[in-house]
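There are 6 protein chains.
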Amino acid sequence: MEKVDNLIKAQVLNQALPYIQKYHDKVVVVKYGGNAMTSPELKDAVMSDIVLLGLVGIKVVLVHGGGPEISEMLGKLGIESRFVGGLRYTDAETAEVVRMVLAGKVNKSLVSSLQHHGGKSLGLCGSDGEMIKVKKLEAGEDLGFVGEITGVDIKPITDALKCGFIPVIATVATDSEGQVYNINADTAAARIAAALGAENLILMTDIKGLLRDKNDESTLIPHVNVSDVPFLIKQGIISGGMIPKIECCVEAVRRGVSKTCIIDGRIPHSILIEILSNEGVGTLFN
Amino acid sequence: MEKVDNLIKAQVLNQALPYIQKYHDKVVVVKYGGNAMTSPELKDAVMSDIVLLGLVGIKVVLVHGGGPEISEMLGKLGIESRFVGGLRYTDAETAEVVRMVLAGKVNKSLVSSLQHHGGKSLGLCGSDGEMIKVKKLEAGEDLGFVGEITGVDIKPITDALKCGFIPVIATVATDSEGQVYNINADTAAARIAAALGAENLILMTDIKGLLRDKNDESTLIPHVNVSDVPFLIKQGIISGGMIPKIECCVEAVRRGVSKTCIIDGRIPHSILIEILSNEGVGTLFN
Amino acid sequence: MEKVDNLIKAQVLNQALPYIQKYHDKVVVVKYGGNAMTSPELKDAVMSDIVLLGLVGIKVVLVHGGGPEISEMLGKLGIESRFVGGLRYTDAETAEVVRMVLAGKVNKSLVSSLQHHGGKSLGLCGSDGEMIKVKKLEAGEDLGFVGEITGVDIKPITDALKCGFIPVIATVATDSEGQVYNINADTAAARIAAALGAENLILMTDIKGLLRDKNDESTLIPHVNVSDVPFLIKQGIISGGMIPKIECCVEAVRRGVSKTCIIDGRIPHSILIEILSNEGVGTLFN
Amino acid sequence: MEKVDNLIKAQVLNQALPYIQKYHDKVVVVKYGGNAMTSPELKDAVMSDIVLLGLVGIKVVLVHGGGPEISEMLGKLGIESRFVGGLRYTDAETAEVVRMVLAGKVNKSLVSSLQHHGGKSLGLCGSDGEMIKVKKLEAGEDLGFVGEITGVDIKPITDALKCGFIPVIATVATDSEGQVYNINADTAAARIAAALGAENLILMTDIKGLLRDKNDESTLIPHVNVSDVPFLIKQGIISGGMIPKIECCVEAVRRGVSKTCIIDGRIPHSILIEILSNEGVGTLFN
Amino acid sequence: MEKVDNLIKAQVLNQALPYIQKYHDKVVVVKYGGNAMTSPELKDAVMSDIVLLGLVGIKVVLVHGGGPEISEMLGKLGIESRFVGGLRYTDAETAEVVRMVLAGKVNKSLVSSLQHHGGKSLGLCGSDGEMIKVKKLEAGEDLGFVGEITGVDIKPITDALKCGFIPVIATVATDSEGQVYNINADTAAARIAAALGAENLILMTDIKGLLRDKNDESTLIPHVNVSDVPFLIKQGIISGGMIPKIECCVEAVRRGVSKTCIIDGRIPHSILIEILSNEGVGTLFN
Amino acid sequence: MEKVDNLIKAQVLNQALPYIQKYHDKVVVVKYGGNAMTSPELKDAVMSDIVLLGLVGIKVVLVHGGGPEISEMLGKLGIESRFVGGLRYTDAETAEVVRMVLAGKVNKSLVSSLQHHGGKSLGLCGSDGEMIKVKKLEAGEDLGFVGEITGVDIKPITDALKCGFIPVIATVATDSEGQVYNINADTAAARIAAALGAENLILMTDIKGLLRDKNDESTLIPHVNVSDVPFLIKQGIISGGMIPKIECCVEAVRRGVSKTCIIDGRIPHSILIEILSNEGVGTLFN
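Protein chains in written order, with our numbering: chain Y, 23 to 308; chain Z, 23 to 308; chain H, 23 to 308; chain G, 23 to 308; chain X, 23 to 308; chain C, 23 to 308.
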């Protein structure tokens with residue numbers, strides 16, 4: 023890192039003050055994914071940011087999926103995916119692999135990384151402490167063991183926070199019969215944030231944010247009022263894969279989360295900048 | 023279940039009283055493995071026993087390995103095992119599979135089962151909260167990423183107990199560089215029991231206990247003083263795979279665990295009978 | 023006790039599980055009296071049952087009268103009883119004897135017995151901590167110093183429970199002038215149970231329960247809805263001494279006790295069976 | 023009460039200040055007996071004093087015997103006392119009567135009186151919470167069920183104090199078999215004071231204190247160092263019934279009680295004057 | 023002090039009992055001023071009274087102004103006062119002097135005095151912990167930096183009480199820009215008492231109380247219902263400087279203070295007599 | 023403030039992480055004085071730094087003197103200073119002025135400033151809660167009411183920290199007779215830091231630190247081991263007013279403070295840089 027002048031250092035720390043104050047003892051849920059998860063450098067930056075936020079009194083909860091690692095493992099195991107209306111069908115065997123990869127590999131590896139950066143963390147999944155209640159998602163077509171969340175019991179999360187741990191949550195859960203379900207990580211993060219009354223839900227993505235013209239990053243929309251979302255969908259500005267993601271944001275805000283942000287996970291330390299400065303690094307919904 | 027007379031019911035409950043009293047608020051570590059783990063009926067009985075013990079005020083900690091499931095997964099992934107002096111060599115890829123299977127599949131499935139029986143549980147591994155500190159085991163021959171425990175931080179376990187959860191612990195851990203190590207589950211259970219100052223360490227096995235004549239179950243030795251173990255080894259009564267297992271018992275007792283038992287996991291509810299009655303179901307070491 | 027098979031033992035313990043769960047941290051008030059109080063064997067069984075229930079996390083409060091011991095002492099002291107409409111008139115001297123026998127003999131003897139069985143108990147009466155507020159009962163005819171409860175302050179009881187003691191309560195109290203009153207033990211138990219928001223009020227009696235034909239024990243009514251009580255009185259099924267007893271049950275349920283049971287104190291361990299199994303041993307009112 | 027000038031009132035209250043300060047949160051054990059217990063006026067004054075001391079933050083524990091009431095009850099019951107070497111022999115029947123009178127009549131009547139004066143109190147005996155461990159006193163001659171204290175568990179007393187109650191303790195106890203023993207109240211008070219680490223043990227008597235000439239009240243010895251007691255016995259200044267009483271004082275001081283006083287219970291409010299002024303009202307041992 | 027008979031001592035202490043009981047754990051706010059503040063003897067008596075009240079479990083909060091010391095310091099500094107409609111105009115320089123004298127001299131001197139009498143105290147002003155929120159008083163004419171209270175945050179006061187300190191409060195405060203304001207001490211005491219839900223607000227004055235005929239002390243009105251105040255003003259019985267003082271009493275009562283008293287600070291120990299006896303020493307408003 | 027690049031921001035925040043971690047929940051005592059106290063801009067920077075450190079979990083205690091303001095007030099009041107051996111003699115009148123200015127003006131103004139920057143603070147002096155015990159300093163010549171610290175009771179400071187306040191301490195105290203003493207602020211800060219077991223004592227000065235050549239700022243000695251101080255004095259490197267200041271550092275380290283720093287208060291945010299970076303801004307003693 024280049025040498026930074028003492029005065030600039032002081033100014034930066036000083037400028038972060040009102041934000042540290044604002045978020046003190048508040049909950050921030052970070053949905054972690056995309057490039058920020060696959061690039062070792064970006065991953066390092068995210069881990070370090072989360073530990074830092076914890077140290078200054080912010081209660082960070084890390085929620086993650088792990089798409090590429092699941093695909094890789096399914097490939098190695100020779101399990102072929104059947105697609106239904108463009109979506110992967112999750113049979114029982116696949117659901118088991120998803121759990122194994124998310125809760126056993128990705129989750130515990132994140133736990134280790136956080137601890138490598140000086141935080142204490144606890145790796146949980148939706149089954150631990152019956153945190154996430156789930157039932158089969160009723161969609162137009164049968165998607166197999168894809169779960170719809172029917173309730174969130176925050177006790178395991180708040181207990182972990184109270185005991186000084188950073189909770190890291192893999193988005194798989196089991197129903198009362200022990201059947202494993204895969205859950206969409208954005209949705210899970212939104213529901214967990216809502217149940218915790220979080221101050222902020224941050225969805226890390228691989229895009230700059232919501233763009234008015236999706237080919238021109240200079241057309242970033244920095245702030246969207248959730249009531250304008252239907253109109254933006256109608257206009258086609260929100261389209262494709264952004265629709266379910268932004269609907270998670272809307273859902274979270276409607277259920278009481280103060281604000282949610284879609285931030286660019288390709289920028290190092292984007293979480294830190296989002297939380298501790300007055301400069302957004304993506305699109306804010308509230 | 024056959025109809026049991028009210029008086030007999032009362033007598034049984036009543037007889038359990040002094041044992042419930044004795045173990046109240048004490049820690050019991052159960053190393054779970056063998057037939058009790060592979061037979062669904064026996065697994066059900068173990069889960070129900072542990073939940074019951076928790077309800078009557080005993081703090082049960084479940085430690086598990088998962089040999090057969092690891093082998094199965096290695097097989098499916100086409101990872102061939104190299105053997106060194108009869109022991110499986112754990113390369114980096116194998117260590118990752120071990121973690122994934124133990125912490126992601128076996129562990130979370132046990133968590134679900136306990137909750138299916140009415141308990142609240144939390145699935146952890148040695149990395150969570152930096153519970154198990156580990157370094158490369160220095161053996162005669164290089165075994166790869168097999169870990170030797172250098173320390174146990176019980177905070178994640180006691181926090182879980184204090185918050186009302188049954189901790190379920192997968193015996194994998196990471197060193198400070200994030201490298202995954204496989205750990206012998208008996209050893210891990212012994213060290214955890216010692217660190218917790220447990221009242222009892224129960225190792226579930228597929229044998230009746232220590233037999234004077236290994237072909238005759240009627241020669242069960244119900245009680246061994248740990249100071250007699252070297253003599254029994256010399257005599258050949260303790261031999262083969264029993265040696266490391268019983269050395270775990272000795273180690274646990276030496277480090278302060280009041281007693282350890284090798285019990286027959288093939289008998290349904292053997293834990294319950296061991297803890298709540300005056301009839302041992304295996305061999306007790308203290 | 024006859025030898026019970028290990029499997030049966032395990033089944034019995036296991037079957038008690040959901041009941042232990044249900045009553046965990048709940049209050050159960052036991053009104054102790056009749057044969058269960060006079061037979062040493064039955065008394066022993068009751069004491070042991072209460073200590074056991076305490077150990078598995080149920081908060082038991084023992085409320086007792088002591089009719090036969092009072093009569094015996096009055097006899098020894100040559101105090102003759104005057105009867106008013108079939109009821110004993112309690113003059114000041116008698117009231118003092120009632121207090122002395124209940125609070126000094128019966129109560130402290132129960133305290134000792136519970137401790138002999140491994141529980142810690144505290145012997146209180148209605149005066150301690152001004153637990154039971156009392157005034158002269160206004161009945162058709164003057165019954166002397168028979169008290170009507172005007173209020174219950176549960177603080178001494180909940181304090182004792184919180185400090186780990188089993189409260190044993192003698193049903194005598196004093197008014198603000200220090201005048202001693204005798205109180206009907208069934209009524210006191212009902213009011214205490216209501217004030218504590220008890221899960222269960224158990225009245226131990228010398229009968230099998232409410233019988234449709236009072237000469238035929240096979241006509242036991244296992245369950246009565248309190249709204250049916252007036253009709254059962256009109257029908258003559260509830261009659262005589264059962265009327266005030268059952269009115270206590272009704273009163274307790276009306277004031278918020280989840281259920282009350284009239285159980286047969288002549289059966290050993292009837293409390294244990296009532297609480298920890300699915301087989302009632304008398305009549306349940308709710 | 024005569025009209026007292028406002029300034030004098032203020033002076034009196036003001037003068038009590040350093041003593042209230044000194045005793046704040048300290049334990050004072052009062053052995054209550056003699057005239058102060060039989061005269062209604064003196065009893066009223068004692069009760070009011072104890073409640074007042076409690077209100078200003080002093081933790082008072084009241085220990086009592088009840089000689090005259092026991093004798094009266096034994097008389098009414100026609101139980102004749104056998105004397106051994108001048109001391110009453112306590113047979114099993116007598117021991118039961120002692121318990122009944124002390125724990126059921128005297129104790130609960132004191133509880134009522136304290137509450138009549140505005141305090142909250144709890145009436146206990148040595149059996150409650152296994153407070154006083156007791157065995158048969160081995161004396162020169164067999165005295166029957168007279169108990170020697172083998173241990174004091176202060177938990178029931180400190181629990182009562184912590185919960186805001188004034189503990190009132192009857193000096194009877196039971197051994198582990200449930201056998202009732204009578205205990206000398208001075209001895210019990212001394213042992214309880216020692217176990218509690220009391221600041222002051224006050225023994226109320228019917229004499230002015232230790233007199234140099236027992237026929238001349240003007241020869242009161244206001245202060246005795248416990249190391250001088252053997253000499254005073256040898257000189258005959260401490261003699262007769264004063265010997266065991268003063269040996270209790272010596273015992274208490276030796277076991278860590280800061281000071282003990284023998285005060286004149288015939289003077290109204292002698293406790294208040296002893297504690298809250300610089301004028302002793304008897305003899306102080308330390 | 024003259025010698026007071028032991029019995030009278032006991033009677034006085036005893037008589038104070040119900041009042042100590044009544045005020046136990048209640049808050050009493052004392053506005054300290056006038057002669058009681060300037061005469062060393064009276065000051066000593068007030069300090070001692072407050073420490074005594076604290077010792078018997080009453081939570082006393084001392085609020086003070088310091089008119090004469092302010093005038094003296096302004097004189098020494100040669101700052102001339104401008105008067106507006108008979109009221110002193112507080113310019114910025116004067117406001118600084120007021121703060122310095124009140125918070126630096128009078129306040130800390132009171133803290134020392136209380137500690138000299140055995141209490142532990144903490145000297146605070148309205149700025150500490152942002153206790154008193156203030157804005158410029160909008161009166162008919164501009165009075166400069168005279169503050170109107172817009173809110174009271176009792177946390178610093180209740181924290182001090184909880185930690186065992188007697189809070190001593192100087193009635194100056196700062197607005198969010200750091201500008202110092204002088205605040206009327208009677209008003210501040212009334213608002214603090216209201217915010218604390220005080221049991222009693224005592225205003226110390228140099229008069230006997232409210233007199234029907236202001237030249238005849240025998241016409242003291244011992245008790246006024248706040249609803250009668252407007253009528254008493256109309257009648258001219260409340261007039262001049264008494265009007266704002268009594269309006270503070272009315273305001274305090276209206277905001278929930280149980281009672282407020284105007285007492286004669288020229289009588290030594292008038293606070294003690296007011297609180298701990300049935301004889302008022304001034305006029306009570308409620 | 024100039025625009026700082028997001029990445030630099032993130033790097034600065036990130037780099038501060040290990041220091042925030044190191045100081046978490048530790049006590050840092052800042053002796054505030056010199057230019058940093060007289061320049062409004064520097065004062066603003068100090069206040070903001072302290073609030074920021076508090077927000078990230080560091081317990082900052084601010085100790086201050088106030089030389090220039092005292093001199094100014096003494097001048098305004100026409101109090102002439104007598105000098106003894108070059109030191110100002112503190113007569114009783116001067117001591118009163120010192121207290122008034124320090125505890126009433128400087129202290130409360132700092133409290134306001136901290137709150138203006140978003141912290142909650144409590145202004146105390148050595149008399150509050152009898153924090154600083156003091157006696158007349160015995161020096162070669164009589165210096166009047168200059169105090170020597172005989173003890174520090176940290177309760178008022180730790181209570182304030184526990185309740186979430188930043189304690190601001192004026193270095194005046196009173197003896198048990200109420201006599202005011204002036205105390206050297208460096209000494210007071212050192213003793214308070216020692217009593218609190220502080221991690222760091224920071225003395226703000228108007229120099230760059232200890233210089234090898236006092237005319238050449240490039241000769242700054244960044245680190246001194248306290249055992250080398252006598253030698254540095256002998257060499258003349260530590261001389262004049264630096265001697266007592268550095269002796270405070272030595273004293274603090276000897277009494278258990280981990281390290282003390284003399285930092286340059288003329289550099290804005292020097293505290294922040296000292297605590298949260300690896301670049302010292304003065305001389306460190308340990």
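It is worth saying that the hints were derived from the structure and are not from the lab. Mixed in with the good hints there might be a few duds.
Given that identical chains are not distinguished, each listed pair holds provided it fits within a single copy or across any two copies.
[Said to hold, decoys possible] Straight-line alpha carbon distances no greater than 27 Å define the calculated DSS-like cross-link-like pairs of lysine-lysine that follow: (1) Lys44 to Lys157; (2) Lys236 to Lys157; (3) Lys256 to Lys157; (4) Lys142 to Lys230; (5) Lys65 to Lys267; (6) Lys98 to Lys142; (7) Lys142 to Lys256; (8) Lys65 to Lys158; (9) Lys98 to Lys267; (10) Lys184 to Lys236; (11) Lys184 to Lys48; (12) Lys256 to Lys48; (13) Lys65 to Lys48; (14) Lys177 to Lys48; (15) Lys142 to Lys48; (16) Lys98 to Lys44; (17) Lys98 to Lys48; (18) Lys281 to Lys44; (19) Lys230 to Lys155; (20) Lys184 to Lys230; (21) Lys236 to Lys48; (22) Lys230 to Lys157; (23) Lys267 to Lys184; (24) Lys281 to Lys48; (25) Lys142 to Lys157; (26) Lys230 to Lys177; (27) Lys65 to Lys157.
Please flag the earlier hints that this structure goes against, numbers listed from lowest up.
-> 2, 3, 4, 6, 7, 9, 10, 12, 16, 17, 19, 20, 21, 22, 23 and 26
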